Amino acid sequence: MCLAVPGKITEIYTLNTLRMAKIDFGGVIREVCLEALPEAKTGDYAIVHAGFALNLLSEEEARETLDALREIGEIEAELGLEDEEISSKGL
Amino acid sequence: MTDSTLPILEGAACPVPMRHDDQIVMGHGSGGRMTQELIERVFAPAFANPILAQSNDFAAFLLPLEAQLHGSLAISTDSHIVSPLFFAGGDIGRLAVCGTVNDVSMSGAQPLYLTAGFIIEEGLPVEMLERIVTSMQAAALEAGVPIVAGDTKVVERGKADGVFINTAGIGWIPAGRQIGGALARPGDAVLISGAIGDHGIAVLSARGELGFDAAVTSDVAPLNALIGAVLQAAPGVRVLRDPTRGGLATTLNEIAQQSNVCIEITEATIPIHTPVQAACDMLGFDPLYVANEGKVIVILPPDQVDAALAAMHRLPYGAEAAAIGVVKPSPARRVLMKTFIGGTRVLDVLAGEMLPRIC
Amino acid sequence: MEYAQAFRDGDLVQRVVGEIRRIVTRDWVIMEICGGQTHAILHSGLDQLLPPQIELVHGPGCPVCVTSLELIDKGLAIAARPDVIFCSFGDMLRVPGSNQDLFSIKAAGGQVRVVYSPLDAVKIARQNPDKQVVFFAIGFETTAPANAASLLQAKALGLKNFSLLVSHVCVPPAMHAILGAPDNRVQGFLAAGHVCAVMGYWEYPPIAEQYGVPIVVTGFEPLDLAQGILMTVRQLEAGTHTVENAYPRIVTREGNQAAQAMLKRVFRPVDRNWRGVGTIPLSGWGLQPEFAEFDAENRFDVGHIQTRESPLCIAGEILRGLKKPDNCPAFSTLCTPANPLGAPMVSSEGACSAYFRYHRPQDTL
Numbered sequence: 002m003c004l005a006v007p008g009k010i011t012e013i014y015t016l017n018t019l020r021m022a023k024i025d026f027g028g029v030i031r032e033v034c035l036e037a038l039p040e041a042k043t044g045d046y047a048i049v050h051a052g053f054a055l056n057l058l059s060e061e062e063a064r065e066t067l068d069a070l071r072e073i074g075e076i077e078a079e080l081g082l083e084d085e086e087i088s089s090k091g092l
Numbered sequence: 017m018t019d020s021t022l023p024i025l026e027g028a029a030c031p032v033p034m035r036h037d038d039q040i041v042m043g044h045g046s047g048g049r050m051t052q053e054l055i056e057r058v059f060a061p062a063f064a065n066p067i068l069a070q071s072n073d074f075a076a077f078l079l080p081l082e083a084q085l086h087g088s089l090a091i092s093t094d095s096h097i098v099s100p101l102f103f104a105g106g107d108i109g110r111l112a113v114c115g116t117v118n119d120v121s122m123s124g125a126q127p128l129y130l131t132a133g134f135i136i137e138e139g140l141p142v143e144m145l146e147r148i149v150t151s152m153q154a155a156a157l158e159a160g161v162p163i164v165a166g167d168t169k170v171v172e173r174g175k176a177d178g179v180f181i182n183t184a185g186i187g188w189i190p191a192g193r194q195i196g197g198a199l200a201r202p203g204d205a206v207l208i209s210g211a212i213g214d215h216g217i218a219v220l221s222a223r224g225e226l227g228f229d230a231a232v233t234s235d236v237a238p239l240n241a242l243i244g245a246v247l248q249a250a251p252g253v254r255v256l257r258d259p260t261r262g263g264l265a266t267t268l269n270e271i272a273q274q275s276n277v278c279i280e281i282t283e284a285t286i287p288i289h290t291p292v293q294a295a296c297d298m299l300g301f302d303p304l305y306v307a308n309e310g311k312v313i314v315i316l317p318p319d320q321v322d323a324a325l326a327a328m329h330r331l332p333y334g335a336e337a338a339a340i341g342v343v344k345p346s347p348a349r350r351v352l353m354k355t356f357i358g359g360t361r362v363l364d365v366l367a368g369e370m371l372p373r374i375c
Numbered sequence: 461m462e463y464a465q466a467f468r469d470g471d472l473v474q475r476v477v478g479e480i481r482r483i484v485t486r487d488w489v490i491m492e493i494c495g496g497q498t499h500a501i502l503h504s505g506l507d508q509l510l511p512p513q514i515e516l517v518h519g520p521g522c523p524v525c526v527t528s529l530e531l532i533d534k535g536l537a538i539a540a541r542p543d544v545i546f547c548s549f550g551d552m553l554r555v556p557g558s559n560q561d562l563f564s565i566k567a568a569g570g571q572v573r574v575v576y577s578p579l580d581a582v583k584i585a586r587q588n589p590d591k592q593v594v595f596f597a598i599g600f601e602t603t604a605p606a607n608a609a610s611l612l613q614a615k616a617l618g619l620k621n622f623s624l625l626v627s628h629v630c631v632p633p634a635m636h637a638i639l640g641a642p643d644n645r646v647q648g649f650l651a652a653g654h655v656c657a658v659m660g661y662w663e664y665p666p667i668a669e670q671y672g673v674p675i676v677v678t679g680f681e682p683l684d685l686a687q688g689i690l691m692t693v694r695q696l697e698a699g700t701h702t703v704e705n706a707y708p709r710i711v712t713r714e715g716n717q718a719a720q721a722m723l724k725r726v727f728r729p730v731d732r733n734w735r736g737v738g739t740i741p742l743s744g745w746g747l748q749p750e751f752a753e754f755d756a757e758n759r760f761d762v763g764h765i766q767t768r769e770s771p772l773c774i775a776g777e778i779l780r781g782l783k784k785p786d787n788c789p790a791f792s793t794l795c796t797p798a799n800p801l802g803a804p805m806v807s808s809e810g811a812c813s814a815y816f817r818y819h820r821p822q823d824t825l
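Line order of the protein sequences matches chains A, B and C.
Residue 37 in the working numbering sits at position 36 of the first sequence; the count goes up by one each step and never skips.
Residue 191 in the working numbering sits at position 175 of the second sequence; the count goes up by one each step and never skips.
Residue 793 in the working numbering sits at position 333 of the third sequence; the count goes up by one each step and never skips.
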């Protein structure tokens with residue numbers, strides 16, 4: 002129920018009573034409803050589902066998540082578990 | 017059931033027929049003077065070549081000398097019904113020429129001649145037909161394959177989406193060249209001539225129903241020169257096929273079935289342009305199933321891969337060619353994909369129509 | 461954006477899965493509530509990399525699958541009317557009603573249009589003032605704001621020819637229904653990241669507490685899913701049952717307040733019949749009285765609906781995680797994506813269609 006993709010807000014305007022935005026999904030531009038993000042500005046990233054922006058995307062949180070996950074990778078390496086490539090077993 | 021506002025005045029009954037300069041009307045398909053005028057005004061100038069200039073209902077020609085001595089003929093036909101008629105990177109005319117040039121080329125044949133049949137919807141602006149026909153001639157010239165015979169019919173409003181075009185093509189296969197879908201062998205390498213999904217997304221974007229604008233152009237292109245170069249560099253090629261409707265995955269399945277082998281591709285090696293991936297992510301499409309109109313799958317012995325890729329990289333339509341997989345003995349008749357994260361997934365044929373989803 | 465590809469990084473995923481393998485000591489059953497997560501797990505092959513002790517069961521988070529048969533039949537009856545343009549997400553097109561589906565109505569000449577957004581349906585209504593435009597408003601809390609926005613726009617524009625056929629369902633009541641069932645096997649939960657982007661996750665701690673089950677808000681990329689599973693397994697191994705957020709770049713505890721305000725204005729809690737599961741009290745949303753005129757069920761009299769479900773379909777047990785699709789005797793024989801007996805075989809994220817499409821390589825044809 003949850004196909005949503007992140008995109009960059011490039012333009013904000015009002016159209017037919019609703020707050021709308023043009024959002025760039027990496028070369029694909031689509032008009033999206035921004036009613037739920039009154040504080041969003043151009044340049045922000047939003048997560049979009051069915052033509053509606055659900056929330057803003059925090060780049061800082063994204064970076065922190067990736068850093069934390071990379072640390073797991075380093076622990077693996079220290080424990081010498083890195084070599085064992087986990088490929089699909091039992092096929 | 018037509019609600020045409022034009023009075024029907026053509027035919028012997030009318031002493032002074034009205035001129036219909038800007039729109040195609042039923043009379044253009046009647047075979048009489050209006051048809052002749054349409055041919056003279058639109059088709060003949062665009063497709064000008066010596067065979068067509070003979071003005072017969074057929075084209076007669078000699079085969080190339082080598083073909084007369086040894087070799088075989090290949091013939092193919094395809095009908096084109098794309099909507100909208102014009103999209104980024106092409107139009108129905110270019111599609112019709114390239115589609116059949118490519119089909120013929122997939123046998124390893126050198127395409128020689130094309131025919132083009134038009135079924136035109138009453139009301140189509142003549143200017144639009146002119147644009148289509150000009151585009152067809154440009155594609156034919158690029159491919160070096162002239163259009164030597166044709167036909168025109170007109171149907172009532174609502175009975176054709178603007179225009180339907182059928183093209184047929186004939187080509188010559190040098191003796192000894194054996195290329196076909198049943199010939200893939202375990203150990204063979206699988207190549208693709210470039211990025212997938214461009215055509216399908218470009219057409220969807222042009223259609224406008226889903227409200228998105230993609231920086232994507234259709235890849236529609238004649239591939240006979242590219243294929244010729246590949247076959248020169250890698251004469252051991254066993255399979256050539258273009259992944260049109262149904263996409264790369266469906267076409268690989270056809271080959272796997274015909275050859276009774278397993279084809280395994282690696283997700284990380286498949287070239288795809290960023291906006292195509294973005295559009296697919298947004299709509300919930302799998303790019304492996306999106307149509308292409310300027311790509312060829314090449315299956316060949318592994319020792320000829322480098323030569324084949326080098327030959328493709330030298331040409332504009334093969335700049336992004338890549339090795340994407342291998343042929344294995346089993347599981348037979350299956351296409352598998354090694355995913356980004358190291359899992360293995362079965363790729364089935366496309367079942368039904370791809371529809372945008374929210375789930 | 462630059463981070464998009466990072467969450468599909470195969471190397472990082474393998475390392476996270478390596479950590480799961482390192483810490484797991486016994487069997488665990490984890491449910492991912494959202495069908496989109498089921499799809500993503502199978503699509504990327506993540507289930508193949510996980511250690512055998514982890515069993516993933518797929519929950520009823522597929523709004524296409526759980527929309528009641530009666531409502532589908534009503535939708536089909538409305539779509540067949542010559543004065544109606546029936547708009548729907550693509551997902552619904554082949555869902556079987558008692559006798560047919562939207563696709564066959566379209567083939568028979570009915571005006572059925574697939575849209576990407578309910579706001580596109582409002583556009584269609586404005587462009588076709590002589591027709592009634594009805595939008596099939598299915599979905600969980602993720603989709604509800606889009607549907608609410610379409611109604612707010614229709615009302616502000618004074619449109620008289622736009623209405624919604626509402627079939628909204630909510631996640632927390634479904635979790636209660638699953639965890640509260642006597643035969644429940646689920647020990648840990650991956651909560652739906654995009655539902656939580658709207659609603660936050662403040663509703664979940666009471667559930668985690670009541671049933672002693674860890675709940676981790678999880679995203680949809682392979683790395684997100686691997687991380688969500690890792691955090692759940694860590695809790696299971698440690699014997700804790702709290703709510704954690706593995707999707708902080710999109711989800712906050714409170715969620716999107718502006719979206720929630722829109723929802724409160726347009727929708728109110730109602731009982732909903734979940735196809736294959738039964739009626740769960742206050743598990744869905746219907747329209748507030750202020751918007752009653754936009755309710756397609758009020759606007760169209762579709763007569764008496766006699767529903768007829770296939771006797772072979774075990775969708776209910778599958779949606780509750782009690783059975784797997786390949787346990788079903790009709791799976792891939794009588795019931796296939798081309799000829800579905802029930803919704804989970806036709807929905808792109810239904811467990812049955814996912815199993816059918818992503819079946820393992822050694823299966824015979």
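These are calculated hints, taken from the structure and not from any lab test.
Here the structure is a predicted model, which means the values were calculated and not measured.
All C-beta atoms in this analysis are idealised placements derived from N, C-alpha and C, irrespective of residue type, glycine included.
Take these hints with a grain of salt, some might be off.
Facing chain B, from chain C, some residues (calculated, C-beta under 8 Å) [claimed, not checked]: (1) GLN474; (2) PRO523; (3) LEU772.
No more than 20 Å apart at the CA atoms, straight line, and that leaves these computed lysine to any residue pairs for SDA-like [as the list claims (entries may be wrong)]: (4) A:LYS23 x B:GLY224; (5) C:LYS724 x A:LYS9; (6) C:LYS566 x B:ASP177; (7) C:LYS583 x B:LYS344; (8) B:LYS344 x B:THR282; (9) A:LYS9 x C:ALA466.
Okay, the calculated beta carbon distance ranges per label pair [unchecked claim]: (10) A:LYS42 x B:THR150: 42 to 48 Å; (11) B:GLU369 x C:HIS764: 29 to 35 Å; (12) A:THR11 x C:THR739: 41 to 47 Å; (13) C:SER558 x B:ASP73: 51 to 57 Å; (14) C:TRP662 x B:GLU369: 37 to 43 Å; (15) B:PRO141 x C:GLY738: 40 to 46 Å; (16) A:LYS42 x C:GLY672: 42 to 48 Å; (17) B:ASP37 x A:THR11: 41 to 47 Å.
For each hint, the structure was consulted:
1. GLN474: holds (6 Å)
2. PRO523: Hint on PRO523 of chain C: holds, closest Cβ of chain B at ~7 Å, below 8 Å.
3. LEU772: violated (21 Å)
4. A:LYS23 x B:GLY224: holds (15 Å)
5. C:LYS724 x A:LYS9: violated (28 Å)
6. C:LYS566 x B:ASP177: Distance ~18 Å between LYS566 of chain C and ASP177 of chain B Cα, so the pair holds.
7. C:LYS583 x B:LYS344: Cα-Cα ~51 Å, so violated.
8. B:LYS344 x B:THR282: holds (13 Å)
9. A:LYS9 x C:ALA466: Distance of about 17 Å is within 20 Å: holds.
10. A:LYS42 x B:THR150: 42 to 48 Å: With Cβ atoms ~47 Å apart, the hint holds.
11. B:GLU369 x C:HIS764: 29 to 35 Å: holds (33 Å)
12. A:THR11 x C:THR739: 41 to 47 Å: Holds: the Cβ-Cβ distance is about 45 Å, inside 41 to 47 Å.
13. C:SER558 x B:ASP73: 51 to 57 Å: holds (56 Å)
14. C:TRP662 x B:GLU369: 37 to 43 Å: holds (41 Å)
15. B:PRO141 x C:GLY738: 40 to 46 Å: About 59 Å separates the Cβ atoms of PRO141 of chain B and GLY738 of chain C, which means 40 to 46 Å is violated.
16. A:LYS42 x C:GLY672: 42 to 48 Å: Since the Cβ atoms of LYS42 of chain A and GLY672 of chain C sit about 44 Å apart, the hinted range of 42 to 48 Å holds.
17. B:ASP37 x A:THR11: 41 to 47 Å: holds (44 Å)
Hint check: violations occur at hints 3, 5, 7 and 15; the rest are consistent with the structure.
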